[in-house]
Amino acid sequence: MPAGRNVLLFLSVVAACIGVASAAAADGWVSSRGLYRIAVNPSLDPIPINRIHRWMLEVETAAGAPVQGAKISVTGGMPEHDHGLPTAPRVTREPSEGRYQLEGVRFHMNGYWEMTITISGPAGRDTVVIPVQVR
Amino acid sequence: MIRGEAFRITILLAAIGALAALVFGEIESAGRHSAWTASELALLRSLSIDSLPPVPPEPSNALADDRRAAKLGQQLFFDPRLSGNGQVACATCHQPGRRFTDGLPKARAIGTARRNTPSIVGQAYSPWLYWDGRKDSLWSQALAPLEDPAEHGGNRMAYVRFIATDPEYRASYEQVFGRLPDLHDERRFPPAAGPLPDPALRASWLAMNPRDRRTVNEVFANIGKAIGAYERRLLPGPSRFDAYVQAVVDGDQARQREALAPAEVAGLRLFIGRAQCIQCHNGPLLTNNEFHNTGIISYPGDLPDRGRYDGLRQVDEDPFNCLGPYSDATTDDCSELRFARRGPELIGAVRTPSLRNLQGTAPYMHKGQLPTLADVIEHYVTAPEAMIGHNEAKPLGLSRTERDQLEAFLRTLSAPVAMPAVGESAP
Chain H
1 MPAGRNVLLF
11 LSVVAACIGV
21 ASAAAADGWV
31 SSRGLYRIAV
41 NPSLDPIPIN
51 RIHRWMLEVE
61 TAAGAPVQGA
71 KISVTGGMPE
81 HDHGLPTAPR
91 VTREPSEGRY
101 QLEGVRFHMN
111 GYWEMTITIS
121 GPAGRDTVVI
131 PVQVR
Chain B
1 MIRGEAFRIT
11 ILLAAIGALA
21 ALVFGEIESA
31 GRHSAWTASE
41 LALLRSLSID
51 SLPPVPPEPS
61 NALADDRRAA
71 KLGQQLFFDP
81 RLSGNGQVAC
91 ATCHQPGRRF
101 TDGLPKARAI
111 GTARRNTPSI
121 VGQAYSPWLY
131 WDGRKDSLWS
141 QALAPLEDPA
151 EHGGNRMAYV
161 RFIATDPEYR
171 ASYEQVFGRL
181 PDLHDERRFP
191 PAAGPLPDPA
201 LRASWLAMNP
211 RDRRTVNEVF
221 ANIGKAIGAY
231 ERRLLPGPSR
241 FDAYVQAVVD
251 GDQARQREAL
261 APAEVAGLRL
271 FIGRAQCIQC
281 HNGPLLTNNE
291 FHNTGIISYP
301 GDLPDRGRYD
311 GLRQVDEDPF
321 NCLGPYSDAT
331 TDDCSELRFA
341 RRGPELIGAV
351 RTPSLRNLQG
361 TAPYMHKGQL
371 PTLADVIEHY
381 VTAPEAMIGH
391 NEAKPLGLSR
401 TERDQLEAFL
411 RTLSAPVAMP
421 AVGESAP
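Those protein sequences? They're chains H and B, same order as listed.
When the letters of the first sequence are read in order and numbered with the working numbering, they come out as residues 1 to 135.
When the letters of the second sequence are read in order and numbered with the working numbering, they come out as residues 1 to 427.
Keep in mind the hints are simulated off the structure, nothing from the lab.
Sample of chain B residues lacking proximity to chain H, with all beta carbon distances greater than 12 Å (derived): (1) ALA35; (2) GLY86; (3) ALA89; (4) ALA91; (5) ILE110; (6) ASP148; (7) THR165; (8) LEU183; (9) PRO195; (10) ASP250; (11) GLU317; (12) HIS379; (13) TYR380; (14) LEU398; (15) ALA418; (16) MET419.
Now the stretches of chain B that chain H is said to cover, found in silico as 3 or more residues with beta-carbon under 8 Å: (17) 279-293; (18) 338-348.
Derived, one-sided and incomplete: chain B residues facing chain H with beta-carbon distance under 8 Å: (19) ALA42; (20) LEU43; (21) SER46; (22) SER335; (23) GLU392.
In this text the structure is predicted, and so the values were computed from the model without any measurement.
We put the beta carbon where it would ideally sit given N, CA and C, even for glycine.
Next comes chain B alone, as it looks inside the complex (with noise of 0.2 Å):
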């Protein structure tokens, strides 16, 4: 333990060391690209996808980097016989040509979805999912909406039978997952049955034995384990941004001029500077997966969406959660969930998207509320005061040109996804 008087000497070291790095590191980025000093520069390749680390583990998943896993989670996904009707599949919505996305405002399948479908491309490294954060793995929000009725429409009991009536999932599956029970007994394993709002389906769940419910947990848990496994690997690929990163690292001007356009370049500038975007918006995937109130105007007819401060409250009741009895973790891996900050300022807040998946995925916001780059870039000007809650953001004072500029560089973030090798690609 340094003490006080050694920890002012230390200060005042530092203190020279700085001031020597900053003065030398600000006449070398002068001296090769003119443009960016030494902090900004940090900031640049913070935000580049060579920053990207590895996919962080999933512990509550024991099988997330199982290659079979994901080969199997990959047909489960574009699977549509996994619904009520047999006509939705995860790829209804989350549409690969489109980012995995579906161009709605709000999600439609069987009935139409309380919010904007989001991509679903470098999920892996948030803790939170869905908009309000009320899931806090991909294997757990993959159950969501297989049960819910304006999606998938299906219940679990069902979904079990069907992986375990189907030769070649139930072959996959117990190669994954190990044996699967044996679901003869109607009288214990009825062909309908989950803990839903449908009175009949409910009232057969609640007549099963508490032991046969966990038993189609641990298998329903699983058709999400799988479908997480392949879901990790859906990836943003690099970018024209990341080349002119590289480029202003290695100093080569010309290709600097190659990657982006002195438009592009400015926007890049008010992005990371005045315009404040990379308070949230930080990190390669240009998110901080944190909540935020941003002050999005209400979807019409919709009351004020409430966001984190009803998430928070689910993901906590939630028996597929990180601590929960289907979750291969143990309580020290579930950090997020045990430490998690509550309290008023989460009313209206939603989790930042990425910012790598802007090319085809309008409308934006939680509901779709902002069709294009142009307008969601006006409402950060205007910063409106929020419906409920407090907008954390400030106007801007921001020009004509200056906005252009801000839009022309959030295109230069859009790659093609990087498509994850799990054998034969997606059908």
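Bound-form chain H, shown alone (with noise of 0.2 Å):
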């Protein structure tokens, strides 16, 4: 095999890597400061091109709390094409403690995505970033 094909199918395994991570419904992150835990559930799964649907997020403390009552914003885009969501999700409710419904995403172009998550919660602000992968 050429050095180059090499080189691609390399890059082709860490990309399905990500997207391996993300669809799958239960896989948690660490906010960069280490505040909070957060796993995130899309409603349609694998993620789909195209479609509107809902992400359910859960927040917890470092130590594993559920997080109440937080603030939480959402912004997304593409790195490697410089543009971001072609929706404004929002996190519309608090179902149950330390989980809340974000409404609104949709991703229209395959490819790498990420989604940026900031939480202001009691234990301050802090930000974690979900890579997607669409296909």
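Each chain sits in its own coordinate frame; assemble them with the hints.
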């Protein structure tokens, strides 16, 4: 196999991992300063292209206690293409302690996306970047 | 919830799994048809009509999937009596023989419309209608041309009266939507009225009791709902491209060669690869139905079109939108409208059209600025600066041959419309 092909293959594997990691329903992320742990459950899995849907966000403190009443905002985009989301998703309710309903999520291109979730809770303000592979 | 360490292990396992899948996928596809990698094949399948899901529900129209509503809608769509001068039907501009377009740069009926007539085929999949997305459902869209002075040039009071007085329409309407209101009292329901620029029509409309206005709006909305139920059934049929994808999936070389010539396959490769068309023209309808600025030059004599920037404001204020009183939807059904993106990047952005309606629908783009497909490809190759806003597409280095290949591929997407089965066919 020529070297160029190997590099490509490696890149696809990296991309594929990200895809696998983000598509699974209950994977967890730790926010950048370590204040919160967050899990995301998309209402459609695998995340489809061009279909609006919801995500349930589960937010815990570093110690594992659900975080109630946090202010959460979400932005996103495709870093490679330098553009944002086609919609403006918002958290609309907290159906139970530490669980937040994010509505209005849609991805309109195949490829690698990042969702940046900013959590302002009792422990302070912190962000987490969630990779999403859409195909 | 998976914690940090577990998460890393997941990644590692996933990496191994993905590597294996890719390597084996690669070898397997190389053995079978030597052309497409596993990830390319996934892209091809995503574009195939076989991936088209059922027409999505339209909660704002309770009768969207009602057969009798669709039949009534079909009659209305082709009926020129539904106009101010008795000569304009939807089908005047959306001609079935031209894939529901009209062959003109800008549509013409009573006057000249602002933009190019798009096809209606496959539009039921789009959350937004019109080039600028100023409508959010087929039924609500259908109301606008009826009152546009350049298009059907009528008014809602007259349309409602027409349905109520024509015995055939009256019967089919009442079968589908229930009893029509009693419109006999002309002091309450004048012969002509509507919230229109025309001062006389507007004055009569404003003179009406708000409850009566609401009654008229309800029937008017139902006219739209019937038409929308018909339009939902207009879908693209399978094309040569779709036959090719199936043949690739089956590993059948002979059928692949039968479906597409080598130049067309080369064009397909460019489309999903170097030419980046698939960024916006994706999914089985080859559109993301999203709004993009692609730097199309403005129509001679027109100011540059602000597109979605204005369209979003209009749909927000539209009483016939998903959240309005004439919609059958709950708030939860109106996610597209509630979570629509705003901002200056929408200036000059228009909706990506499907590429399944290219045959016989020239000229192209929102005001028919580009006469041929070759011109369209030339435009993407140069990717000029946008007149307003910012062109999202980047210039492409494509040779003469490659441009021809890309064009040849676009032509393979054409196929006859899958016509609706709602009783007798279109007149």
